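A.B. asks: Numbering (the numbering used here), first residue to last: 8 to 97.
It is worth saying that the hints were derived from the structure and are not from the lab.
Remember, it's a predicted structure, so these values are computed and weren't measured experimentally.
Accuracy of the hints is not assured; some may be wrong.
Okay, the calculated beta carbon distance ranges per label pair [what the hints assert, rightly or not]:
#1 30 x 66: 52 to 62 Å
#2 36 x 16: 19 to 29 Å
#3 69 x 31: 53 to 63 Å
All C-beta atoms in this analysis are idealised placements derived from N, C-alpha and C, irrespective of residue type, glycine included.
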Amino acid sequence: ARLCCQTLQIGTVKKIAGMNRTEWVENADRLVAGFLEMFEEGCHKMGTAIRDRIQEQLKAQQLRSLLYDEWDDDGDEEFYDDESVEFYSD
8 ARLCCQTLQI GTVKKIAGMN RTEWVENADR LVAGFLEMFE EGCHKMGTAI
58 RDRIQEQLKA QQLRSLLYDE WDDDGDEEFY DDESVEFYSD
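Build out the structure end to end from the sequences listed, making use of the hints.
C.D. replies: Next comes the structure, spelled out in structure tokens:
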């Protein structure tokens with residue numbers, strides 16, 4: 008098994024060494040283009056996730072604000088501002 012692997016490695020080295028400069032550049036171009044495409048896709052996914060998270064937080068904040076405003080506008084001030092109300096105390 009070891010001899011087989013070494014033979015494959017030597018074959019790979021021969022193949023690479025036999026490549027001319029143009030082939031090297033083309034291979035490097037493909038590798039870089041592939042990497043950049045994957046990187047761009049990752050950035051797009053991350054940006055989308057961040058945007059979605061911010062939108063969810065804003066919606067939750069707006070909902071809390073609406074609920075608080077409705078609760079606050081129930082006219083409860085009348086009960087708290089009425090000085091004639093006596094509170095029970097021990």
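A.B. asks: None of the hints should be skipped; say for each whether it holds.
C.D. replies: These are the hints, each one checked on the structure:
1. 30 x 66: 52 to 62 Å: holds (54 Å)
2. 36 x 16: 19 to 29 Å: holds (25 Å)
3. 69 x 31: 53 to 63 Å: The hinted range 53 to 63 Å holds for residue 69 and residue 31, with Cβ atoms some 57 Å apart.
Comparing the model with each numbered hint stated earlier shows that all of them hold.
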